[in-house]
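Engineer: Top to bottom, those sequences are chains A and B. Those letters in the first sequence? Residues 1 to 402, per this note's numbering, in order. Those letters in the second sequence? Residues 1001 to 1767, per this note's numbering, in order.
Keep in mind that the hints were calculated from the coordinates and are not lab data. Glycine included, each C-beta is placed from N, C-alpha and C at the ideal position. Take these hints with a grain of salt, some might be off.
Chain B stretches covered by chain A per the calculated footprint, using a threshold of three residues with CB under 8 Å from any CB of chain A [claimed, not checked]:
no.	stretch
1	1320-1328
2	1575-1582
3	1700-1710
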Amino acid sequence: MNEFVEAKVDFKWQEPKKTYDVIIIGGGGHGLAAAYFLATRHGITDVAVLERKYIGGGNSGRNTTVIRANYGIPESVRFYKRSVDLYFQLEEETDRWIMHKQKGLVWLAHSEAHVRQEKARAELNTALGAETSYVTPSEIKEICPQIDITGSGQWPVLGGSYHPAGSTARHDRVNWALAEGAMKRGAHIHQRTEVQDLIIENNQIKGVVTNHGKMYANKVLCAVGGHVTSIGDMAGLRLPIRTHPLQAYVTNHYAQSFGPIISSTSLYFYISQTARGEILLGAEIDKQPSYSYRSGYHFLQTCSFRAMTMFPFLRDLRINRQWGGVCDMSADYSPIMSKTEIDGFYITSGWGTWGFKAIPASGESMAALIATDETPDLIAPFSLDRFKRDRTMADRGSAGTH
Amino acid sequence: MRLIVDGRPIPFEPDDSLLVAMLRNGIHPTGGGCLGPDGDEPHCLTTVDGVSYIRASQIKARPGMIVTTNPIEGYPPLPEDDRQRGAKLVQHHHCDVLVIGQGESGQAEAAAARAADKTVITVDVQNGQEAIGIYPGILVVVRTDDAMLHIHPHEVVVATGAAEILPVCPGNELKGLYTGRMVAQLHGKGFDLGRIVHVGTAPDGVESTAAVGELLRFEPKGVSPVETQNLTSPRSEKTQNLASLPSKKTQNLASLQGDVGAVIMLENGVEVRHECDTVALGLGLIPRNRLYRMGRDWNVRVVGEAARKSDIPPCPKTGTLCPCSSVTVDDMQAVWDRGFHEMELVKRATLAGTGPCQGVACLPHIRAFLQDRGKKLQPPFTARPLARQQTIGEIAAGAYHFSTPRTALDAEHRQLGAQMERISGWWRPWNYGDVAAEYWAVREAVGIGDVSTLGKLIVTGADATEALERVYPTKVATLRPGRSRYVLMLNEAGYIMDDGLISCVSPTHYILSTSSSGVNGFERWLRDWFDTWQLDVRLMNITQTLGAISVSGPFATDLLARAGFEQPLRFMRHREGTVASVNCRVYRLSFTGEIGYELHHPADQSAHLWRELMLLGRDLGIKPFGIEAQSNLRLDKGHIIVGQDTDYDSTPRRVHHEWAVKLEKPYFLGQRAVKRTNKIPLDRQLIGLTMETDGDAPGEGAVILHGDDIAGYVTSTAYSRVLGKAVMLGWAKLVDGALPTDFTINGRPATRTDVPFYDKEGNRARA
Ligand SMILES: Cc1cc2nc3c(=O)[nH]c(=O)nc-3n(C[C@H](O)[C@H](O)[C@H](O)COP(=O)(O)OP(=O)(O)OC[C@H]3O[C@@H](n4cnc5c(N)ncnc54)[C@H](O)[C@@H]3O)c2cc1C
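Just chain B, same shape as in the assembly (with noise of 0.2 Å):
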């Protein structure tokens, strides 16, 4: 079995981590540097795959894997190719306790569990089963080859074990420094380690020869001990040695290469060397609690060595500390010297503990620096996730893009060739390819627009008139029944937040319209106030149920006759009838400023609908209108987007629609800051204007000129066919209490003019 390192094929055996089949053929994933079994330390990342920052120790040697090893200088470039990998699912797992290693006291932990009849979830890195964050919930994301586990327990047990403390002198960054427990792993697995000096608590199981005393350094084979002694002296002279040395890379003590070959000792004041091929370090635990720091505000627990004190390390006195980010202790004390005391601010600084292992092999070295300093001991870096790297791939598992609905006639508008869009939140037809001809359809004959993504809430009950008339700023109680009236939704600052259409069908049953974007947020909005107020009423959001579609155009009244609604209606009225042999509740209005319908009706019904109209309306001269079109047409009657042209901070007053605000109505939201903010002087507004062009018009965001002052800016546009010159909303400042007439547009004179633009009198509509 061969797997490809650096374009190398190497030998391994069956069950050989990465990093063990690495060893074998002399190969350290990155060049040196104390190398444990359970991935804690940086030194055993690799590129795998074409995945960087693997640790090798914990993946399986699989024949044909192709392995890189990271620069020695620098870092792995970022991936050209963009190869599509099967997308990984999400598995969801609930249980009473989920225990998290699955050592001695794990195991213990998910047996007392299951004594007490309590279901159990047990994960364990050496199942493949890597536990990268908790969460609020909680929420436990655990990584395995095949899914990502999100497992919801009531309970976690962190029982992750301690990790070894990793050397900090002279030399930690050569070759054949292991951790006890890899030493252990190594012999186990036959590995010919040679002479071997432990210091610290020895390997288990493995013949070695104690090094006592306080740990030097380590020296290269081959090495004379003048060249190194040189390297090591003490550091007020090293700083004066270093101002000569040329190169970053002899500055770097650590970065001496190639395989160790003694330990050096100070023992009894003397320094003394051992003369060795292998080093096992048992330099002291640190525990591996992160997962537990993360979500101790919950119900987590800490057991076995995870919960066990961290051993703190005699304080490091040179060589690199932080090997992924290579900071040396020097930095350490240079940071240390102007003014860094802070853990948090030593971090910073230097970067140690910033990157791939999370502050594994520093943490425990600058807790002693800093207590050797006189800072009591200061806990670990904040536990933030991930606690062991995923890629970005594998973390997405599982989203999916909030989905933008298509309406129910959405096959119709592409059979119509529409230029499909995504607009407030939902597939719509922007225009059916001559916008023009929309236009004129409306203008002049009929037309018909699917406006089914209005928002749609059915408000019933006792208290219905009462909660509306506490939320809108209209006089609900004196809407009869079988009328319509336009309404504003104003925020407790009295800004407004939406407009649209109440509808009353009883004083006990009414219908609220709102903008297409707008529904969530209102509905929310409603709920909310709702059950602040403890009314008996009652809120269903129907807006995907029914369908609805716009009829609007001079024939329109014709053409719902023909379609078998032959009973007028008028203006702002709306009732149950049939169209076309569809039960629709059909409401009499105008957003257009031509007559105008909005057939409402369940929408499995819209397709036939929609095309018995067409169908009716051909000689009419009917024809389907996008948003572009219904944009223009409105446009030409001044009506106002709210989110296009109104802002956060928009008042009824500043966008002239006071006529919709009763403040004389004992209370709605937003009264009292309406009335508050009415007696301050006006200091913008937002205004229509037009301007004489040959068919073009301003861009939106256009800057609105008072003389050479900014007055504003462009908010809607459009060249009205009608009226033959281009017209638009923007907002203006008042000069001197007074909104000035003539403007400056990109250099072009602009009227300031009241709206609507078109018909005044709003004749049309009502005809």
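Only chain A is shown next, with the shape it has when bound in the complex (with noise of 0.2 Å):
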């Protein structure tokens, strides 16, 4: 037995029912937090998830699981921050091993203009309260001596940006704690489920129509990643979201010595080593928009070049595998969290490349959302009709990153 074989969750998987209070399509880390979160929270467990694959398979079971809160914003530092502080409590909460583990994440900064970018990326969100500081070369050497801080004599590193909470977590257990901790308490999870239309009357949301009939619930949350356009449509809704495909891979298993989480903006990419001990490595957005899952050659052959510029003890590394999702990019860069023009219809979308860390603040707002039908002021600047009103939340912080 391996030290990494889950041995505590245990599911309780039920009959599917033809009515519930809420149904939840998708079981991402999303949805399943809302269903999570409504049962602890406000003791709401007629709730339905349903995941037309197996849960945690879509982005939530795909990122490169980077937690942090320094963005560009306040309205989202204060969002993230919360995540990132619900993050640091769930392994307690739910007495289920996630594997969260403080990094400390550093980006790195190769010309002056990157310099100042990253001095202000720390200045302005110290001052927002998600702790960043500007480092030296000779300070990043220190957090992270694998690097070559020439970049090969090509791509020298002049300052970047330290982020102590950094962290990454299990992301497969992050989505398993919440599904059990939503089941234990009533609520149901059905695999294989896939929604192919929504049932609406009058503008008021009725129920679903799946790949095993129709189910009934006069609230429905769409927490579908990257399909959420496709979801959209059935409700009538044109969103601001365009999905684009993102990458990244592993190599095989070497013994832990890689601490920190070290991104480089004008190289396109990051690496952090998993609790497993394989380099885990990550790159940007393909430009084009497409639903395609489909792993790419050129990504794998620029990222591995470039990571390796930076550090070049890569070169002997062994790739095992790669993998592809499919991100739902807003046109601001910011996340959706929101009641919608259909009465008992809200969604939960616009996460982007960056959603992995949002799971437990977004869960439980939006099962506060729905509880309540108030929209908590956490979340009061990510409504939909944002776009509508020209109260958009552009976030440099978020765009194209992890």
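Got two chains here, separate frames each, mind docking them using the hints?
Structural biologist: This is how it looks when you write it as structure tokens:
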């Protein structure tokens, strides 16, 4: 037995019912968290999560698990800080090992312009409560001895920003802890159940049509990650979302020795070592919108090359596996957690390339919204109608990053 | 011939694989476990010349090779050194048909394709060509010792054969367990394998004794039957026993070590013991079809053994099922009992199938396990690249850094002592050592700067005016030949993408300029729309063809006159002319706030023009100015830099640029959105701020407070030498529909100040 075999989580699957108080479409982290917080915070357990594949099979089981709070605008920092805090306590609350680990996160600057950008990041975030400091090349070398601070003589590091709260957790275990917690309290989760249409009468949601027939509920939450526009279509909602693929890959296992999470914005890659010893590498989204989960070679080749520029030791590591996910990118690079024009129909979306860290806070807030029909302050700025109201939330701290 | 294993020299024979060489010397790469000849199983993994996870059966033994066996517990260390190795080359090949695998069926496919007059490429690991993935394209990547082959075929035939199923039962990590094919190979090499017992299909051409019935376990040599029996009692009892067993080692039945001494079979309900030195396992075959499964949406076929149905072994009862991640059947059962029933969930909960063999060892057994528990036979795990692992260095072969171009004046800048920086995707002079002097030269005399990096596009054609009318929020039709105008570029949402200049040469010929970093995106955007509209218009990107020098300062006009450009040009006009004998298009404009010209000219003349200007301006006090000075100069004027001062959702009014948007026009991209949002009360705006300081300025990103509330943050900032205070641009929220005047930044008072900060009437630029 390896130490990572899941030893506690115990799922109690149920037969589907015809009617629920709440139906949640999508068994990713966000859907499961909403169910979990509905059950634990509001005692609402007549809930079904419908997942077309298996739980956590979407982006929530494919991401690179970076958790951080240093974003670019006050509303975002406040929200992500809440999520980071919830992550710190999630293990204790659920009594499940989610392998949460604080690692510290460094953004590298390779030019004068980026030095100013990282200084700005540090200044702004620290002021907003997400401690981030500017660090010199020699400090970076101390944080991460494996780095070639000269960038192979081509991309020297001139400085960077350091966010000590940067952490990771095991994605699957987060999803499962939340799923189990919801199920234990009576919520249903139905896998292999795909929502194919919505039932709407007089502008009020009434239920969903699935591959196993109709199910009814007066409240429905859409939490389907990169597929949100197709569900939006069913409701006649045009969403300010484009879906872009994002890829990542891991090497085989090596002894633990790479501590932090390091990102280079000039070279477009980031790197960390997983609890199992794999080196995990990721980069930016594919420019072309698409729903394809397919892996590309060009990404693997260029990301490897760029990462090696900063970390020459990577040269001899063997790549084990690559994969991709599809990201729901909103027009202002901020999430959408909101009621909609359809009564009883809610969405959590726009999670793009950065929504794993948001799972607990989004779940908590969406549960409160669904339970009370009052939008919690924390997410009020992230409503869907902000685009219509010209109250968009452009956030450079999130665009295109983990 | 010798190679070194764990510090010990060992002899080997020509044509030995590393695995065979190690086995000749009694060394098992991972200390135990069933071995095959094709590298399907993880037990052959070893570290060779510093590279871990090399399949010993897949490389030839070479003299002097340095091999280390992997640690039994834990993983190999991350390499510490960064020895440079020769980079691999990439070779591209095109063909009609690529056949992967040159067994019987692969050869037949290749022959048939050739007979049909098709160009054929064949690859096979036996010849050192390892196909590692099929990608969209179709692109098939093949690793060889010399190069990475990128093969672009019309059709792929996967003929990679089948792998032998590995045993799952107690004792399956002993030494002396081989697949049937491995036994045949070792026999062929003259190995003395002692007494061979086979389970399932007998090995080809090797004498062996059959052990029939159900495979229960393997027992090591020298351990009494009683001892092992204890360890292999049925599950329920064992779970109890385990509670009292202290070490993880003993819990793991599979970690029995040593040489196999016996196979225990269940024959007609009776345990039968077969003493042996070697076990040959013929447990069935699973197709090696991962490459096919990666590419089956395209023109990819699978043939021969690779196309066979997978044999499904009997449901495993106990023992290690996934050797890569040390997952036992009990682990599987434990997660199954707690509701992990989906194949993917079982895999993720145990990590079975996620190790270096990518599930070859465990997959058939997991399928059997799930089928036995009432699930219908599950499809294999999703096939993801890489089919066989490669080093990051090999994968990186052929990649290069996106180039950071240099302008034609690069050598001039360096000669003048410039600090060169990567800025907006180009190497540009940040400063020439004395920013203050550069700044004052422009304010009081004349300076020249390299602006060759500005995007330059030519739009021509009968519909040029109409096309640009639809693109820009300015009235293009009213722009007369010889005139230029500042323009914003908006996307459909009415958000600012870039800014620049439009210059009319004639109604069928325009020159557009963009920011340095914005040109490629803007060009793509224009092409998209021109194509959509089907207008008679052509677009050419001449950014790299033309150099551009900015001449700026009170003496700028004099300097141009000295250089032979005599007829004065009025503000926001342009025309062709000769400057220092170079044919230029000269634009009169201003970014710095002083009289300014841009000289666009063939890039091969840049150095000449630059030197002449420097020479002619010497007694005027001319200096070259870098980006740092330019940025300070423009900030005095409050000019925005798109990207730095704007955000993804900046509308014209948010940055006080309503004047650049003519809403009454019939149509332009983003017009509908701007009209709609304009009706909504504003929430925040980019504002000018000034602060009394002693020569310093708050940093970029500094938080702007109004009272105790966060109003926004600073986007551009500098100490203005000419004004003697800090000047800034930054975002501020409106309070009760109005912009406050007084703010605090870093504990110091700052005042909202209308831009331009300097020379509000703009007289200097127009002089
Ligand atoms: C490679 C990669 C790396 C990433 N790295 C990070 C990172 O480091 N840090 C970070 O914070 N974020 C990261 N992200 C982003 C993060 O993974 C996502 O934002 C987050 O997981 C979104 O969760 P979700 O629950 O909204 O969507 P998902 O997890 O995708 O869940 C949506 C679910 O809905 C299901 N579904 C879809 N349509 C239907 C339907 N019609 N009926 C029923 N079910 C349906 C899907 O099967 C899926 O399971 C990364 C993403 C990727 C792809």
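Engineer: Each hint: holds or not?
Structural biologist: Results for each hint:
1. 1320-1328: Contact hint for the stretch 1320-1328 of chain B vs chain A: holds, 4 residues under 8 Å.
2. 1575-1582: Violated - the stretch 1575-1582 of chain B has 0 residues with a Cβ nearer than 8 Å to chain A, which falls short of three.
3. 1700-1710: holds (count 5)
Against the hints set out earlier in the document, a violation occurs for number 2 only.
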